[in-house]
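Enquirer: Sequence:
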Amino acid sequence: MSISVTKRSEDYARWYTDIVQKAELADYGPVKGTMVIRPYGYALWENIRNIADRMFKETGHVNAYFPMFIPESFMHKEAEHVEGFAPECAVVTHGGGKKLDEPLYIRPTSETIIWSMYKKWIKSYRDLPLLINQWANVVRWELRTRLFLRTTEFLWQEGHTAHATFAEAEEETRRIIEIYRILAEDYLAMPVYVGKKTDAEKFAGAVHTYSIEAMMGDKKALQSGTSHNLGQNFAKAFDVTFLNSENKQEYVYATSWGVSTRLVGGVIMTHGDDKGLILPPRIAPYQLVIVPIWRSDDQKARIMEEVAKIKLQFSKADIRFVVDDNEQVSAGWKFNQWEMKGVPLRLEIGPKDIEKQQVVLARRDNGKKQFVAFESLFSVVNQLLEDIQSSIFRQARDFRDENTIEVENYSDFKKIIEAGGFVKAFWAGDGVAEARIQEETKATIRCIPFEQNRKGKCFFTGGAADTWVIFGKSY
RNA sequence: CGGGGCAUAGCGCAGUCCGGUUAGCGCGCCUGCUUUGGGAGCAGGAAGUCGCAGGUUCAAAUCCUGCUGCCCCGACCA
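Counting in the numbering used here, the first sequence runs from 204 upward without gaps.
Note that these hints are calculated values from the structure, not bench results. Computed from a prediction, not measured in an experiment: that's the story for all the values here. Note that CB positions come from ideal geometry on N, CA and C, so glycine has one too. Hints may contain errors.
[What the hints assert, rightly or not] Derived CB-CB ranges, DEER-like:
1) LYS555 - TYR268: 49 to 59 Å
2) ALA667 - VAL295: 25 to 35 Å
3) SER518 - SER207: 32 to 42 Å
4) PRO270 - ARG347: 26 to 36 Å
[Unchecked claim] Computed cross-link-like contacts, DSBU-like style, restricted to lysine-lysine with a CA-CA straight-line distance of at most 35 Å:
5) LYS571 - LYS405
6) LYS280 - LYS260
7) LYS618 - LYS645
8) LYS478 - LYS571
Just need the whole structure built from these sequences, with the hints factored in.
Expert: See the structure below:
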């Protein structure tokens, strides 16, 4: 294993794959496009997952698990859905040594199998709302894959809810996209635009789709979470009706929503630098690494005694830490290794520190070191972790804002997209105009932000526009 | 699915054009000693079906044919 990554400025794509592998987040699986999530990467995912899971439960959702095999006939029941997904599905044709009567699709998403079950479970408005989430793997036969960002198999959560009215479903869809915003911004320190997808970009089978869109270090957009209002499309496809309070049969209203291991890729590309990963303290597997330094056995004993006290203090306070007392490698080596892995804070403690009753704390985000007395260690660590969290968020937001340029005409638009960055512009075009822009520039409307308070002139058609949108090239 | 590149020790590579000692180098790994505050030093050691399958040849990592896999770019994509 070589010891450094390709510079971001030299080759961003290589920098990314270097980091994923050298920080030991993931490795390539034996089947093309598959990924092994290694323990360090999985710990990061688990932290993200636990935060999301808690927020779902706080808003009344429960977890369940549905099978990964979907009868082929289910996939064909919703027209747009099958058109959107059939080309990228893996299909099982044999089982038990025999050809199956009906091929089984490996779920690319679970709307169909879940709604086939909801038909059995929903009879009256008293059964609603039904708020179920599942944590699962899904498979999409992607042509071009990248670790975490787009793999053939990936992990995610998919929420599938059923409601008595469109308004309730809409409220749910909006509630979830707000949870995703909080997850991204307050925990992953990844600033996002929140808004609605255009018809061209929405989910296959949805009435409309909301998404959170983040800007990566190469100024490309990463769709990081989506929440769909499915209307009655799946209820009609699977004939799921309920008796409303006026004793009338009505189709059920649905939502679905998901975030995936792609978020890990988002964190890497939002915060990482040429030394490796930079992890937000709130989701970092280790918030702090302790590197003890000594020469003699006497010193070792003294230092480890002090380390034991520090450990006790941190354990009680739920600070996630690791002690790297490996004697086989030098301290300098450890510094670089843990920087590669993005641990927010490093604590050095050596003979000189013991004399002065202090430690050295070094921040991963800006490299600054400071001496901290034993008695104030705990409060300083807490304060630094919070400061790193907010500081890397601010930095990412400033970067995004600096690279989100407002334009008034198509020629400026092309320049910005060519140079890299998001375009913010008034829009009154239709799907045809959108497709033409994509063809000519590769940029798409990432979302129509919720915040709409101005009117202007469409940069493309010149017509009066009461909405503005975000354009960008995307992953 | 198109264009390009790559495949030799765990990792990174040289050797391939122009066939010919026992296939090398750096890092890592193992043993020992000295080291440890920004990627330690010395000594010794282990590790290779040269991606796979055919072919040419006295002789193939090297030449020929076919195949496979991965990476990058494009097309495609919630």
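Enquirer: It remains to establish, for every hint, whether it holds in the given structure.
Expert: Verification of the supplied hints:
no.: 1; hint: LYS555 - TYR268: 49 to 59 Å; verdict: 55 Å, holds
no.: 2; hint: ALA667 - VAL295: 25 to 35 Å; verdict: 53 Å, violated
no.: 3; hint: SER518 - SER207: 32 to 42 Å; verdict: 34 Å, holds
no.: 4; hint: PRO270 - ARG347: 26 to 36 Å; verdict: 29 Å, holds
no.: 5; hint: LYS571 - LYS405; verdict: 44 Å, violated
no.: 6; hint: LYS280 - LYS260; verdict: 31 Å, holds
no.: 7; hint: LYS618 - LYS645; verdict: 13 Å, holds
no.: 8; hint: LYS478 - LYS571; verdict: 14 Å, holds
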